[in-house]
Amino acid sequence: MPVFLGDTPVIRRPAPPPPVDPAVTLETYYRVQQFLYLECRLLDEERYEEWLGLLTEDIHYWMPLVQARYRKDPKPRYDPHRMAYYDDDLFTLRRRITRALHPTAWAEDPPTRTVHHVSNIEVERTDNPDEYRAYSTFTCCRGRNEVEESVLHGRRVDLLRETPNGLRLARREIYITQSVLLSKNLNVFL
Amino acid sequence: MPTLTTGSSTRRVGWSKDDLRSLIDLEKGFIDRRIFWDQEIYQLELERIFARCWLFVGHESQIPNPDDFITTYMGEDPVIVARDLQNRINVLLNSCPHRGNRIVFAEAGTRRRFNCNYHGWSFAADGSLVGLPAEELYEQTCPGFDKKDFGLIKARVGTYNGLIFATFDEEAPPLEEYLGDFRWYLDVLLDNDEGGTEFIDGSVKSQMNCNWKLPAENFVGDSYHAAWTHNSGAVGMLGQPVGKINQDRSFAVSVNGHGWQFGLDMIGNAMTLGEQEVLDYLRSREQVVAERLGKIRSRMVGSVSSANMFPHFAFLPGHSTFRVWHPRGPNKIELHTWVLVNKNCPEHIKELYRKGVMRTFSPTGVFEMDDGENWEHCTATAAGVVARRQKLHYGLGMNSQIEHDELKGEVHLRKYNDANQRAFYRQWLKLMCDER
Numbered sequence: 001m002p003v004f005l006g007d008t009p010v011i012r013r014p015a016p017p018p019p020v021d022p023a024v025t026l027e028t029y030y031r032v033q034q035f036l037y038l039e040c041r042l043l044d045e046e047r048y049e050e051w052l053g054l055l056t057e058d059i060h061y062w063m064p065l066v067q068a069r070y071r072k073d074p075k076p077r078y079d080p081h082r083m084a085y086y087d088d089d090l091f092t093l094r095r096r097i098t099r100a101l102h103p104t105a106w107a108e109d110p111p112t113r114t115v116h117h118v119s120n121i122e123v124e125r126t127d128n129p130d131e132y133r134a135y136s137t138f139t140c141c142r143g144r145n146e147v148e149e150s151v152l153h154g155r156r157v158d159l160l161r162e163t164p165n166g167l168r169l170a171r172r173e174i175y176i177t178q179s180v181l182l183s184k185n186l187n188v189f190l
Numbered sequence: 191m192p193t194l195t196t197g198s199s200t201r202r203v204g205w206s207k208d209d210l211r212s213l214i215d216l217e218k219g220f221i222d223r224r225i226f227w228d229q230e231i232y233q234l235e236l237e238r239i240f241a242r243c244w245l246f247v248g249h250e251s252q253i254p255n256p257d258d259f260i261t262t263y264m265g266e267d268p269v270i271v272a273r274d275l276q277n278r279i280n281v282l283l284n285s286c287p288h289r290g291n292r293i294v295f296a297e298a299g300t301r302r303r304f305n306c307n308y309h310g311w312s313f314a315a316d317g318s319l320v321g322l323p324a325e326e327l328y329e330q331t332c333p334g335f336d337k338k339d340f341g342l343i344k345a346r347v348g349t350y351n352g353l354i355f356a357t358f359d360e361e362a363p364p365l366e367e368y369l370g371d372f373r374w375y376l377d378v379l380l381d382n383d384e385g386g387t388e389f390i391d392g393s394v395k396s397q398m399n400c401n402w403k404l405p406a407e408n409f410v411g412d413s414y415h416a417a418w419t420h421n422s423g424a425v426g427m428l429g430q431p432v433g434k435i436n437q438d439r440s441f442a443v444s445v446n447g448h449g450w451q452f453g454l455d456m457i458g459n460a461m462t463l464g465e466q467e468v469l470d471y472l473r474s475r476e477q478v479v480a481e482r483l484g485k486i487r488s489r490m491v492g493s494v495s496s497a498n499m500f501p502h503f504a505f506l507p508g509h510s511t512f513r514v515w516h517p518r519g520p521n522k523i524e525l526h527t528w529v530l531v532n533k534n535c536p537e538h539i540k541e542l543y544r545k546g547v548m549r550t551f552s553p554t555g556v557f558e559m560d561d562g563e564n565w566e567h568c569t570a571t572a573a574g575v576v577a578r579r580q581k582l583h584y585g586l587g588m589n590s591q592i593e594h595d596e597l598k599g600e601v602h603l604r605k606y607n608d609a610n611q612r613a614f615y616r617q618w619l620k621l622m623c624d625e626r
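Those sequence lines, one after another, are chains A and B. Residues in the first sequence are numbered from 1 upward in steps of one, following this note's numbering. Residues in the second sequence are numbered from 191 upward in steps of one, following this note's numbering.
It is possible that part of the hints are untrue.
Derived DSS-like pairs (lysine-lysine); straight-line CA-CA distance at most 27 Å [unchecked claim]:
hint: 1; chain 1: B; residue 1: Lys434; chain 2: B; residue 2: Lys485
hint: 2; chain 1: B; residue 1: Lys598; chain 2: B; residue 2: Lys218
hint: 3; chain 1: B; residue 1: Lys620; chain 2: B; residue 2: Lys581
hint: 4; chain 1: B; residue 1: Lys207; chain 2: B; residue 2: Lys620
hint: 5; chain 1: B; residue 1: Lys540; chain 2: A; residue 2: Lys75
hint: 6; chain 1: B; residue 1: Lys540; chain 2: B; residue 2: Lys395
hint: 7; chain 1: B; residue 1: Lys598; chain 2: B; residue 2: Lys485
hint: 8; chain 1: B; residue 1: Lys344; chain 2: B; residue 2: Lys581
hint: 9; chain 1: B; residue 1: Lys533; chain 2: A; residue 2: Lys75
hint: 10; chain 1: B; residue 1: Lys395; chain 2: A; residue 2: Lys72
hint: 11; chain 1: B; residue 1: Lys522; chain 2: B; residue 2: Lys581
hint: 12; chain 1: A; residue 1: Lys75; chain 2: B; residue 2: Lys395
Rather than coming from a laboratory, the hints here were simulated on the basis of the structure.
With the hints as extra help, turn the sequences into a complete structure.
The following block contains the structure:
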C-alpha cells in the first residue's frame, strides 16, 4: 500500500496562542516583580515575620502532591482534598515559623542556607480590579551542614491583592517537578 | 510459574550466624553500628527480612472497586496491588517476565489489563498473562510455551481490619500468627468504630539518607527522644514544650518484634495536631470506645505514643500518620506517609486530620523535620572506622518487664525504655540467622 509522506490531518497544526494581557501596565508588572524579588530576599535572610507581613489575613498557601496517574484516568493528578506539602492558612504558617525560629529547632542550628530565584513572571488581570494573577517559576537551592545540597524547581500561580500597604499575597499554588521529594524535609517556603 | 524461578536468590555471604549474633548483645543492651552501614548485611536483610516478612502494602480503601490498583514496594521489589473482578486482592511483582521491564508506572488508578510498554505483553489483575503480540509465532516456534508459565510473580496476601499485607515467602506463617497479639493493639486504631477505617487520598513520599532501622526503632519505642528532639515543634503547635510524662502510667509492649509505646492520657498525641475539634471528637467517643474495646484501650486511642510493626510499618496513634520506611540501600530510605481516619468520622474532622498530619508529620511537618536530621547523622557517622568500633547503648529499662492483667505481649513499665528496641533487634537477629 502506498504511503503518502506529506502533510495529513494526523499531523498536528498550530493553534492561536493566548493573548498577552494588554491592560497590565509596565508599572504594575514592575511592582509585581519587585514584590516577588523582595519576598525571596526576606525568605533567604530568614526574615520570616516580615515575610508573614507580605501575606493577607486570608492567605491560602497550597503546595499539592502530584499523583502519578495515567492520562486517561478520570481522577486528577492534583486534587485539593489530597494530602499536600502545604495547605495552610495564616495561623498554620505562623505556627511553622514559630517552630523554625525557636532556639530548640535543632535542625535549623546552624541554619540552612537558601537561595530563591524567581523567573518567567507573567501578570494578568482578574475579575476583581484589586487583584492580579501572577505566574512565575522558581528554583530554590538549599545548603545544609557540610556537603548537603538540594535543589527544587517549580511553577507558581499567585493571587496578589492591592491593599493600603501595597501589594500582598492572597493565594499561592506551588507545583514542583519531584513526585518523591528527594530530601528528608521541606524546611523552606517557596 | 514456580518451576521457572530459580528459588532462593541467597548468595554465599561473609556473615555467619555467629558473626551476626555478635552484632546484637541483648543481655547488656549493645548494638554494633555495622548493622546501619554494611552493604552485605543490607543484602541479607533484603533476602531474609523483606523477602520473607509480611509487609504492609496498602489499605483496602485505596482500591475499593474491581480493577482498582496501587503500586508500591516490598523491599526494593516494585509491586502492584490490584483488585480483580472476583473482588480478590492480588499483589504482583511489577516486572515483566519477558525482559524484566516495569509494567505499571502510575501510583494509583483503575485498569482491567496491565500492558508492558516494551513488547505489549498483557496481564490481568490476578497476574496471569492474557495476551501477547504474535502469539501464534510463540506457539509455532517455542516448544512447550505456555502462557500460564509467564504470569507476574504473585505474593501471598492477607488482610487485617482494612490493612493489606503480603509476603513472597511460601513458608511464612499465616498473617494472623505473624501479627499475633499485636492485633489486640492494632484494634485500638482499626476497630474503635463499627464503620472501620480508611486512608485519606494521597501519600506523601520523600527520601532520607538513613538506614531503615533507625526510623523503625524510633517508632517502635523511642519515647525518650520526643521531649528533647521535638521541643520546637511542640512550641509551634501547642505554644509550650512537650509536657512531663507520668512514667509509672506508661508502657512499652512488644509482640514478635512489633512494638507500641504509650501512655494512657488518651489525647496527648492528638493535641499536637493543634485542632480543638479533633480533641472534642475523641472525647465525645471515649465512652463508645470503652464499651467496644475496654477502658484501657480507650485511653490509648490518641495518647502520647508510637508504634512500628516489624519490619518497617509505623504509625502514631492520635496523630493518625501511617508510614512505611522502604529500604533503598544501607543508607537510604523512601518514606511513604498516609493519614488513617475512621470512615464514619465527620468530613470536617477528616479534613482537620489531613491538615494536622501535613503540618506535623510530613516533610514540611514541624516534628518530622528534626527526626530526619537525627536519623541521617546516626547513619552517616557509621562511615568512620573508629565510630563503627564503638557499640551503641540500648540498655534503658533492663529490669522493667512486668505482668499485667490486661495488656498483651511482652509488657514493660515506663515508656522511657529501650525494651521495644531490644525486642525489635531480637526479631531482626532471629530472621537474619535463618539460613534456609
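Practice task
Please write out, lowest number first, the hints stated earlier that are contradicted by the structure.
Solution key: Hint 8 is the one this structure does not satisfy, whereas the remaining hints hold.
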